[in-house]
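Top line first, the protein sequences correspond to chains A and B.
8 is the number of the first residue of the first sequence in this note's numbering; add one for each residue after it.
78 is the number of the first residue of the second sequence in this note's numbering; add one for each residue after it.
Honestly, the hints are just simulated from the structure, not real lab data.
Virtual Cβ for every residue (Gly too), placed ideally from N, Cα, C.
Warning: the hint list may mix true and false statements.
Short derived list, chain A residues pointing at chain B, Cβ under 8 Å [unchecked claim]:
#, residue
1, Thr45
2, Pro46
3, Phe52
4, Asn63
5, Pro119
6, Leu123
Take a look at the letters that make up each chain.
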Amino acid sequence: KAGVTQTPRYLIKTRGQQVTLSCSPISGHRSVSWYQQTPGQGLQFLFEYFSETQRNKGNFPGRFSGRQFSNSRSEMNVSTLELGDSALYLCASRLATGTSYGRLYNEQFFGPGTRLTVL
Amino acid sequence: DAKTTQPNSMESNEEEPVHLPCNHSTISGTDYIHWYRQLPSQGPEYVIHGLTSNVNNRMASLAIAEDRKSSTLILHRATLRDAAVYYCILKGSNYKLTFGKGTLLTVNP
């Protein structure tokens, strides 16, 4: 079974531009979450989508947005890029959403990430 | 979100057990305890999770204190491939995983 894929793997942009990152979850997984990882702040949750609906949102400005398509693929958009947006953006998928105890609902599978550099 | 406290780094020798501690004194009754690890240049990887009882899987064991204010991830026989940053995370009713700084585990041959 193929893992979570993210494209592109590396990206260089300049301040003020916008960027769109793509994530394809594991086949059959319906939940996709996005995280930002920086050396200073560590891993921070951006948002989670399930069945094309945003279910949870982290504490990021409105410049960060996302969406999910009917095939569960997700995109993340950052507008008006700032130097501080340089980071590794990670996508994670899981089978379903909910509060059931089992591993089925709780295990997230992460992709390799997209390394974004803002100059 | 309830916070977790972990040592910044730990060191172990290959083939020896490793006990990675995590304090979560403000845990609520519905918070699950999750452990993920991140190998160099990779995304995080699920290790184990639990609620109240101790848990075992092929990767590790999770020992949860009776008052749930702390937990310990146990790697029974560390290998060089276990060198990674280990994150202890509390997950509430939503699925927002709040990662802390984690513990950098170094495994010596």
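A quick look at each hint next to the structure:
| no. | hint | result |
| --- | --- | --- |
| 1 | Thr45 | violated (12 Å) |
| 2 | Pro46 | violated (11 Å) |
| 3 | Phe52 | holds (5 Å) |
| 4 | Asn63 | holds (5 Å) |
| 5 | Pro119 | holds (6 Å) |
| 6 | Leu123 | violated (15 Å) |
Violated hints, in rising order: 1, 2, 6; the structure is consistent with all others.
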